[in-house]
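Enquirer: These are the residues of each chain, in order.
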Amino acid sequence: MSQPQDFRTGDTPLPDVVILTHKLTRDYDMGSEIVHALRGVSFQIRRNEYVAVMGPSGSGKSTLMNVIGCLDTPSAGEYWLNSQKVSDLSDDELAHIRNKEIGFVFQTFNLLPRASALHNVELPLIYAGAAAKVRRERAAEALTSVGLGDRMDHKPNELSGGQRQRVAIARALVNRPSILLADEPTGNLDSATSSEIMDVFATLHGQGQTVVMVTHEADIAAHAKRVVTLRDGLIATDQARAA
Amino acid sequence: MHLFDAVRLALQQIRAQKLKSGFSLIGVFIGVMFLIAVVSVVQGMNRYMTDKFAGTLLGVNTFRLRQFPDVQLGNVTDSTWRVWQRRPRISYDDALAVMHGLNVPVVSAWESSTRATLSAGRRQATGIEVTAATEQYFDIRSLKIELGRPFTAEEARSGLPVAVLGFELAAKLFEGQDPLGREVKIFEVPYRVIGVVEKQGNLFGLSLDKFVVTPAGAPVKRYVNPPRVVDALAVKATTQADMREAMSQAEAIMRSRRHLRPREGDTFALETADEVLDFWSKISRVLFVALPGLVAISLVVGGIVIMNIMLMAVAERTREIGIRKALGARRRDILRQFLVEAVTLATVGAAAGVGTGIALAGLIAAISPLPASVAPWSIAVGVLLGGGVGVVAGVYPASRAARLDPIAALRFET
Chain E
18 MSQPQDFRTG DTPLPDVVIL THKLTRDYDM GSEIVHALRG VSFQIRRNEY VAVMGPSGSG
78 KSTLMNVIGC LDTPSAGEYW LNSQKVSDLS DDELAHIRNK EIGFVFQTFN LLPRASALHN
138 VELPLIYAGA AAKVRRERAA EALTSVGLGD RMDHKPNELS GGQRQRVAIA RALVNRPSIL
198 LADEPTGNLD SATSSEIMDV FATLHGQGQT VVMVTHEADI AAHAKRVVTL RDGLIATDQA
258 RAA
Chain G
14 MHLFDAVRLA LQQIRAQKLK SGFSLIGVFI GVMFLIAVVS VVQGMNRYMT DKFAGTLLGV
74 NTFRLRQFPD VQLGNVTDST WRVWQRRPRI SYDDALAVMH GLNVPVVSAW ESSTRATLSA
134 GRRQATGIEV TAATEQYFDI RSLKIELGRP FTAEEARSGL PVAVLGFELA AKLFEGQDPL
194 GREVKIFEVP YRVIGVVEKQ GNLFGLSLDK FVVTPAGAPV KRYVNPPRVV DALAVKATTQ
254 ADMREAMSQA EAIMRSRRHL RPREGDTFAL ETADEVLDFW SKISRVLFVA LPGLVAISLV
314 VGGIVIMNIM LMAVAERTRE IGIRKALGAR RRDILRQFLV EAVTLATVGA AAGVGTGIAL
374 AGLIAAISPL PASVAPWSIA VGVLLGGGVG VVAGVYPASR AARLDPIAAL RFET
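Those protein sequences? They're chains E and G, same order as listed.
Last residue of the first sequence? That's 260 in the working numbering, and every number before it is there in order.
Last residue of the second sequence? That's 427 in the working numbering, and every number before it is there in order.
Hints were generated in silico from the structure; no laboratory data involved.
Mixed in with the good hints there might be a few duds.
To be verified - Taking lysine to any residue pairs in the SDA-like style, the calculated list, with each CA pair at most 20 Å apart, reads: (1) Lys33(G) to Asn65(E); (2) Lys65(G) to Val394(G); (3) Lys65(G) to Pro275(G); (4) Lys198(G) to Ala129(G); (5) Lys31(G) to Arg131(E); (6) Lys65(G) to Ala388(G); (7) Lys150(E) to His15(G); (8) Lys65(G) to Glu181(G); (9) Lys150(E) to Asp18(G); (10) Lys172(E) to Arg21(G); (11) Lys150(E) to Phe17(G); (12) Lys172(E) to Ala388(G); (13) Lys172(E) to His15(G); (14) Lys172(E) to Gln26(G).
Quick caveat: nothing in here was measured; it's all calculated off a predicted structure.
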């Protein structure tokens, strides 16, 4: 089993490694001072792992999430996603990677308010250039798989919080991404609905989906098989949990 | 994203905010509406001037020898007017000399007109144009006989009291009856109706069908002009070149008959439809110069409004842009989305402007004497201008949207 410290600049990750970061740093120029959000994060995530990233606010977990989600680029270090080095790609190339490889689930759902559930789920397929018929079929399929086959024409404001998050999960999965990247997925949900969503995640993980979830709630992180804790821009602990 | 998806999305967006969209495209709407309406009216006038005024009233390839121009263009000063009044009138002998002196193939007719009241039985018609003319008159004015026949050369010479009526006059005097063979009285002298001229329609609201033509030698002539004097000699050639040649010959003949020295000006007028058309084209050119200015002002205003609306839309939909970017929209996808939205907005406004402009032109034609005829090119120009305004107004807001940072956009609170 290859450990993070085995990786050296110039190497390529092993085939079953979905995410590999190597000495990842991210600095923000705030004018008067430079904030070091990430100070050299190195870790690997294999296919079909279920990882929770924890840490207090200001620990750099949001920044790490943005970099892993290809919304942001590191100041230094390497980021390999699915054996492709993405740390030095252009904006449009990153957009393409986000479209193909990453399925986002956000705390605030981030659905388009005026669009139906079906259209929301279709969005990633639109940017993938899929034909209208294919889009509709695959979006309907994804919604059915999260138990919303009968709510496809509903607008987000006609759905409950749990249902909205299911729409978001369907949207995240519709393009069959390498990783499901969830940012506080239960932050806006009550505990009953939270455990429903965690059940969905568990099912997806069981089907082979790689899941990365950022959370500050220990009981939510407990659903994951491995917990990475960040502190001051560095990895503090990285523990596999007993199954 | 495909263009078709972008257009559909834009239309949804416009439908979702009907009132705001309606206000935002009003500038483009008004600009294009004016363009269509004004071009239609000018175009209609153009056709009117060439077909009716020049063609019917004055005749194609035709000139008239007169004391002074019948159609006075621009401002005629009092002194000019007095000079014109002092000129000798065109005599019957002048007309004859010119008719015989021309060596290009022409048809010619002399004519004398006045206004009079006609009666038939107990019916009367006032303000009728009464003309005594030779038989070629109908040919020169392209007047077709609808009923009966024109008078012959023989009748013109002998002055038989017969009359050919205009369509509306015939209808008024002999409502529902066959006018042929009936009697009309002009200056209390009875005439027999032998023909009715086809309907000519209106010119700026004035009927072109209220006239009567009698043979040149008929008694009417005595009431119109002094003996041996005529109003005009009309000469029609087959081509424009022949007409010019005939005109210069006529001028030479008249100058020699009046013993004018080389430096003296003509003491007569040679009038053609060209002067009228030239004058008209000057007016329409002024309109066509002023029109783009007016249209441009509303389009610029319309463009600024659309740009503002799009900037607001980008600000309001920052979160949406963030979501789209997170899901894989590239810069050019976002750029295209907002650009297409601006262009669609402007084009919808332009299309509404085209429709309303056509309706407005129709309304103007219906309630005023001004004619209107919609020019197909003005529709194309209107729609293209509208789309162009959309592109220009949309580029800046769309590029702002495209450049948004996805992380900041996702965090944006509305």
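Enquirer: Does each hint hold? Answer for all of them.
Expert: The hints, checked one at a time:
no.	hint	result
1	Lys33(G) to Asn65(E)	violated (49 Å)
2	Lys65(G) to Val394(G)	violated (28 Å)
3	Lys65(G) to Pro275(G)	violated (37 Å)
4	Lys198(G) to Ala129(G)	holds (10 Å)
5	Lys31(G) to Arg131(E)	holds (14 Å)
6	Lys65(G) to Ala388(G)	holds (19 Å)
7	Lys150(E) to His15(G)	holds (14 Å)
8	Lys65(G) to Glu181(G)	holds (17 Å)
9	Lys150(E) to Asp18(G)	holds (13 Å)
10	Lys172(E) to Arg21(G)	holds (18 Å)
11	Lys150(E) to Phe17(G)	holds (14 Å)
12	Lys172(E) to Ala388(G)	violated (46 Å)
13	Lys172(E) to His15(G)	violated (24 Å)
14	Lys172(E) to Gln26(G)	holds (15 Å)
This entry does not satisfy hints 1, 2, 3, 12, 13, going by the numbered hints stated previously.
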